[in-house]
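Protein chains in written order, with the numbering used here: chain B, 27 to 223; chain U, 9 to 400.
No wet-lab data here; the hints were simulated from the structure. On a predicted model such as this, the values are computed, not experimentally measured, just so you know. Be aware that a few hints might be false.
[To be verified] Pairs of lysine-lysine, BS3-like flavour, derived with a Cα cap of 27 Å:
no., chain 1, residue 1, chain 2, residue 2
1, U, K282, U, K224
2, U, K282, U, K209
3, B, K59, U, K224
4, B, K41, U, K314
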Amino acid sequence: MILDIELISDWFRPKSRVLDLGCGDGSLLSSLKQKHSILGYGLEIDPEAISQCIARGVNVVEQDLNRGLTNFPDNSFDTVVMTQALQAMRFPHLVLDEMLRIGQDCIITFPNFGYWRTRAYLNLRGRMPVTKQLAYQWYDTPNIHFFTYNDFEALCKERNIRVLRSYCVSERFLDRQFISLWPNMFAETAVYHLTKL
Amino acid sequence: MSGSSLKNSIGLVSPQTVVMREPLTLACGIMLSSHTLVFETYGQLNADNSNAILICHALSGSHHAAGFHEGDSSPGWWDSYIGPGKAIDSSRFFIVSLNNIGSCFGSSGPTSINPDTGEVWGASFPSLRARDWVESQRLLMEHLGIEVWAAVIGGSLGGMQAMRWSLEHPEKLLNAVVIASAMKLSAQNIAFNEIARRAIKSDPDYCDGDYLQQEKAPLHGLALARMLGHVTYLSDELMGQKFGRELRSGTFSTEKTQPIEFQIESYLNYQGDKFSDSFDANSYILITKMLDYFDLARQYQGNPVKAFGHAQCKFLVISFSSDWRFAPSRSREIVHALISAGKDVSYAAIESDMGHDAFLLPNNRYEDALASYLSRVADGLDASIQAEGDQT
Numbered sequence: 027m028i029l030d031i032e033l034i035s036d037w038f039r040p041k042s043r044v045l046d047l048g049c050g051d052g053s054l055l056s057s058l059k060q061k062h063s064i065l066g067y068g069l070e071i072d073p074e075a076i077s078q079c080i081a082r083g084v085n086v087v088e089q090d091l092n093r094g095l096t097n098f099p100d101n102s103f104d105t106v107v108m109t110q111a112l113q114a115m116r117f118p119h120l121v122l123d124e125m126l127r128i129g130q131d132c133i134i135t136f137p138n139f140g141y142w143r144t145r146a147y148l149n150l151r152g153r154m155p156v157t158k159q160l161a162y163q164w165y166d167t168p169n170i171h172f173f174t175y176n177d178f179e180a181l182c183k184e185r186n187i188r189v190l191r192s193y194c195v196s197e198r199f200l201d202r203q204f205i206s207l208w209p210n211m212f213a214e215t216a217v218y219h220l221t222k223l
Numbered sequence: 009m010s011g012s013s014l015k016n017s018i019g020l021v022s023p024q025t026v027v028m029r030e031p032l033t034l035a036c037g038i039m040l041s042s043h044t045l046v047f048e049t050y051g052q053l054n055a056d057n058s059n060a061i062l063i064c065h066a067l068s069g070s071h072h073a074a075g076f077h078e079g080d081s082s083p084g085w086w087d088s089y090i091g092p093g094k095a096i097d098s099s100r101f102f103i104v105s106l107n108n109i110g111s112c113f114g115s116s117g118p119t120s121i122n123p124d125t126g127e128v129w130g131a132s133f134p135s136l137r138a139r140d141w142v143e144s145q146r147l148l149m150e151h152l153g154i155e156v157w158a159a160v161i162g163g164s165l166g167g168m169q170a171m172r173w174s175l176e177h178p179e180k181l182l183n184a185v186v187i188a189s190a191m192k193l194s195a196q197n198i199a200f201n202e203i204a205r206r207a208i209k210s211d212p213d214y215c216d217g218d219y220l221q222q223e224k225a226p227l228h229g230l231a232l233a234r235m236l237g238h239v240t241y242l243s244d245e246l247m248g249q250k251f252g253r254e255l256r257s258g259t260f261s262t263e264k265t266q267p268i269e270f271q272i273e274s275y276l277n278y279q280g281d282k283f284s285d286s287f288d289a290n291s292y293i294l295i296t297k298m299l300d301y302f303d304l305a306r307q308y309q310g311n312p313v314k315a316f317g318h319a320q321c322k323f324l325v326i327s328f329s330s331d332w333r334f335a336p337s338r339s340r341e342i343v344h345a346l347i348s349a350g351k352d353v354s355y356a357a358i359e360s361d362m363g364h365d366a367f368l369l370p371n372n373r374y375e376d377a378l379a380s381y382l383s384r385v386a387d388g389l390d391a392s393i394q395a396e397g398d399q400t
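Looking at chain B on its own, in the form it has when it is part of the complex (with noise of 0.2 Å):
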């Protein structure tokens, strides 16, 4: 999803430090260096996104965020950064509460399974949704916790987590003409700006 990075790269603040959370290839954390001169860092377990990473100039940490992120002390980083990967975690809301100890704010960006070709697509089909976003078979994943918007923000409820802003996507023009009266049926990607309370 580009749409999101595009949202999501001016609300980070010039020459602050941001820690990325599954960089992938570390495409975010180049692009925020060259518009803001952040000083970033990306964690990564794929091998080959590390690679590219390391080729890029784009500093990357082989970190598995399954295994805590306890080596990072309390408000280190301006802004902890985690794109499209929170489903994919062993435990989102711990990760969740990690990434608001570290950084001074956070951005998240998730797919809303509670979108409704997704909807359609399991009501319909009555198999696991495979979608541009969500592009693997059930058995076969990274995603192994899906959530809609709703229950995001019924989960910052529950954790006294702030939202500064967010905003929902979809790459379809007839989605947005629906989107902000019913945004769990028409997001395609929710985008969260989180503090502590």
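Starting from the known structure of chain B, arrange chain U on it as the hints suggest.
Positioned in the frame of chain B, the structure of chain U alone reads:
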């Protein structure tokens, strides 16, 4: 030298010798009025002398890191990674590899002559610290007309030198590559080193370190020290795969009196003897002590974040999963100190069952990470030469 081994090899190389006339005051306070360094270089220095890489060897290494010496059948100790088109690419970089002082491959050390007395140094060669190696490397750097290293690279004790460079001469290197290393040794590391030293000193031919003067050599003690070291550089898995419980001679069938020798016994004995024929016992004692004394942050109130605050270069840190002498957790300490200090660092934790020795051996991922990093460094140098050319 076979044809196939020449593929991507630097080919024939020959060492050079330089006598440094500038006095070198060591950390222990003793001054070497002059000292000799033996080194090799691979590749060509570019137009603005900016593409030089320093290779730092570990405990038993030498200047001969890559290519072949005339008549040799095996290449230098890091030939898997240094050469044209290899991770440390001699077609893009000018690579400098020296034998450090205190070692025994031609540079000043216990086996060389003390110019002040005309006698062999032996055990009286002054005690050394990693910073002394760095200072002597800096003199070589000046001799070669290099102002800034594009990278300083080393594994194990070599990685310690790379880190020390970043603190002692922050403006003289752009990148430090720290492989299978640590900011200081653990008690267990020091313990292994002390057992090795005691093995050497227990050999009757050690003669309190004066064996050269008495034309003897503590070969047995040094072999024992190396055998112990060798076991700690390998992993349990690797030894199991390589040797298992295979017998070299003898049999377990009954009514046989022939002595039994396991493959691992024979291998270790061979390695120990081979090493004691080529290395000096006093050098071994000297350099293991140097390892023990190393503590990157000692002069910075023991605070590695404060220490790395002085660094200006970028870092690449690499560890190996089965390395229990310099475990991945030790590399992660380096990485986290660097992150807290706000320095650029990348870290690759390579899966390998080769133990500490993995840093010397071929491994695709390791090669890929190192090559990706250095190729970006080389691209940066090319771009800046290009930019200068455009300006003039």
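Tell me if the straight-line CA distance from K59 (chain B) to K224 (chain U) falls inside 27 Å. 62 Å, violated
For a C-alpha distance cap of 27 Å, please report whether K282 (chain U) and K209 (chain U) respect it. Given that 27 Å is the threshold and the Cα spacing comes to 19 Å, the pair holds.
Are K282 (chain U) and K224 (chain U) close enough, with their CA atoms no more than 27 Å apart? Cα-Cα ~17 Å, so holds.
Going straight from one Cα to the other, do K41 (chain B) and K314 (chain U) come out at no more than 27 Å? 21 Å, holds
Of the numbered hints stated above, the single one contradicted by the structure is hint 3.
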